[in-house]
Amino acid sequence: MTDVAKRLDLSGVTCPMNFVKTKIALDSLDQGDVLEVVLDEGDPISNVPRSLKEEGHRVLKVIPHGETFIVHVEKGRV
Amino acid sequence: MSEAKPFQLDPNESRKVGYIPQKQIDYYALRLHVIAGDLSANQLKAVAEVAEKYGRGEVHISTRQGMEIHFVHASNLDTARLELDAAGIKMGACGPRVRIVMGCPGSATCKFGIIETKAIAKELDRRYFRTDTPYKFKMSVTGCSHNCAKATENDLGVMGGLLPAWDKNICIDCNLCVNICPTKAISKQEVNGKSEYVLEESACINCSVCTLSCPVNSWTASKSGYTLLIGGTLGKIPRLASVLKKYIPTEEELFNLVERSIDFYRKNGRKKERFGHTLDRLGLETVKKEILGE
Ligand code: SF4
Ligand code: SF4
Ligand code: SF4
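Those protein sequence lines, which keep their order, are chains A and B.
Sequence positions in the first sequence follow the numbering used here and run 1 to 78.
Sequence positions in the second sequence follow the numbering used here and run 79 to 372.
Looking at chain A on its own, in the form it has when it is part of the complex (with noise of 0.2 Å):
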């Protein structure tokens, strides 16, 4: 398993401000840090991880648990 470098539980956070904090929490990373970001099914998932990509980020898993996804995301070039 990847080596997480930061936790970060955003379940009942809704669009956009999941995508501010995640966005903050990969601000204290190095590039290739690993952020473990938990979202809710719906516009979450659907929206914060195209939004990453966008910025550069990568997604590395997407892990389904209940009604939210685990999520590791790789920081990208700062």
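A portion of the hints provided could be inaccurate.
[As the list claims (entries may be wrong)] Which residues of chain A face chain B? A partial, calculated answer using Cβ under 7 Å:
{"no.": "1", "residue": "Lys6"}
{"no.": "2", "residue": "Ser46"}
{"no.": "3", "residue": "Pro49"}
{"no.": "4", "residue": "Arg50"}
{"no.": "5", "residue": "Arg58"}
{"no.": "6", "residue": "Val59"}
{"no.": "7", "residue": "Leu60"}
{"no.": "8", "residue": "Lys61"}
{"no.": "9", "residue": "Val62"}
[Said to hold, decoys possible] Within a straight-line C-alpha distance of at most 30 Å, the following computed DSBU-like cross-link-like pairs (lysine-lysine) qualify:
{"no.": "10", "chain 1": "B", "residue 1": "Lys324", "chain 2": "A", "residue 2": "Lys53"}
{"no.": "11", "chain 1": "B", "residue 1": "Lys266", "chain 2": "A", "residue 2": "Lys53"}
{"no.": "12", "chain 1": "A", "residue 1": "Lys21", "chain 2": "B", "residue 2": "Lys189"}
Quick caveat, the hints were computed from the structure, so don't treat them as lab data.
Beta carbons are placed, not taken as given, at the ideal position from N, Cα and C, and that holds for glycine.
Got chain A sorted already, so can you dock chain B with the ligands onto it with the hints?
Okay, now just chain B with the ligands, sitting in the frame of chain A:
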């Protein structure tokens, strides 16, 4: 108003030029010509001015991106129309003819957009607006299967669409696509201990969700183009549009098929029969073959 002669309007003629008689005697709604929901700020100012001068200072937005100025007295109709005309705003259409063309923002500004909607809407308008058809004829252009401009509810709809294909050499097996495809058209299968992502084409709605979101662009469009939809209508007898053809690659082919579709309706549609009901009366598959020239 130079002459004070009593105003006479033939109801059919008035509808042609976008004057809709209200239930209040001698008052009309002025229906304006708008393409894909776009007006410039200056045009909006002119609309506002005309509404204040000749109406009751109110503007009504229709469900099809049209704009109407209500409560214009018959004696002011032509003056109001000329003032709008000077600002580059023509009248809309009512009655049994081609109505204003709707459109979503499309690929010019929307990240999901697969086609340039505005250019197509303008060209449809240029070719067909206000031309006669057996019954009202509505068209809409929407950039992708999110269908924001409701192409499936129009007599003729154009929608952007793509067919994704998966590249196993790039995929990092993240499992995102399986979890975000709106129709669950992608499934993950284990083949010799390796993950394969398989597309069920019949379930795919040709949106750009997987191609946009895949972190490494393992899903890309293998085909992309215009989907031509025919026979949609809401109103009294609702019917969603049927697909005539998908992945039409060029504008030329698209407009050729549009022409053949409208031509078929003009020749075969009965009075007060929407295109979709003509299709159902004559048999959808038979008509599709005829329009496609198969
Ligand atoms: S239909 Fe697609 S392209 Fe058009 S506005 Fe909606 S999401 Fe964007
Ligand atoms: S989203 Fe892309 S990388 Fe992830 S599993 Fe699907 S095809 Fe592979
Ligand atoms: S194009 Fe849309 S419907 Fe088709 S597989 Fe991709 S996400 Fe699913």
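Right, here's what the structure says about each hint:
no.	hint	in the structure
1	Lys6	violated (19 Å)
2	Ser46	holds (5 Å)
3	Pro49	holds (6 Å)
4	Arg50	holds (4 Å)
5	Arg58	holds (5 Å)
6	Val59	holds (5 Å)
7	Leu60	holds (6 Å)
8	Lys61	holds (5 Å)
9	Val62	holds (5 Å)
10	Lys324(B) to Lys53(A)	holds (29 Å)
11	Lys266(B) to Lys53(A)	holds (22 Å)
12	Lys21(A) to Lys189(B)	holds (22 Å)
The structure fails to meet hint 1 from the earlier list, while all remaining hints are met.
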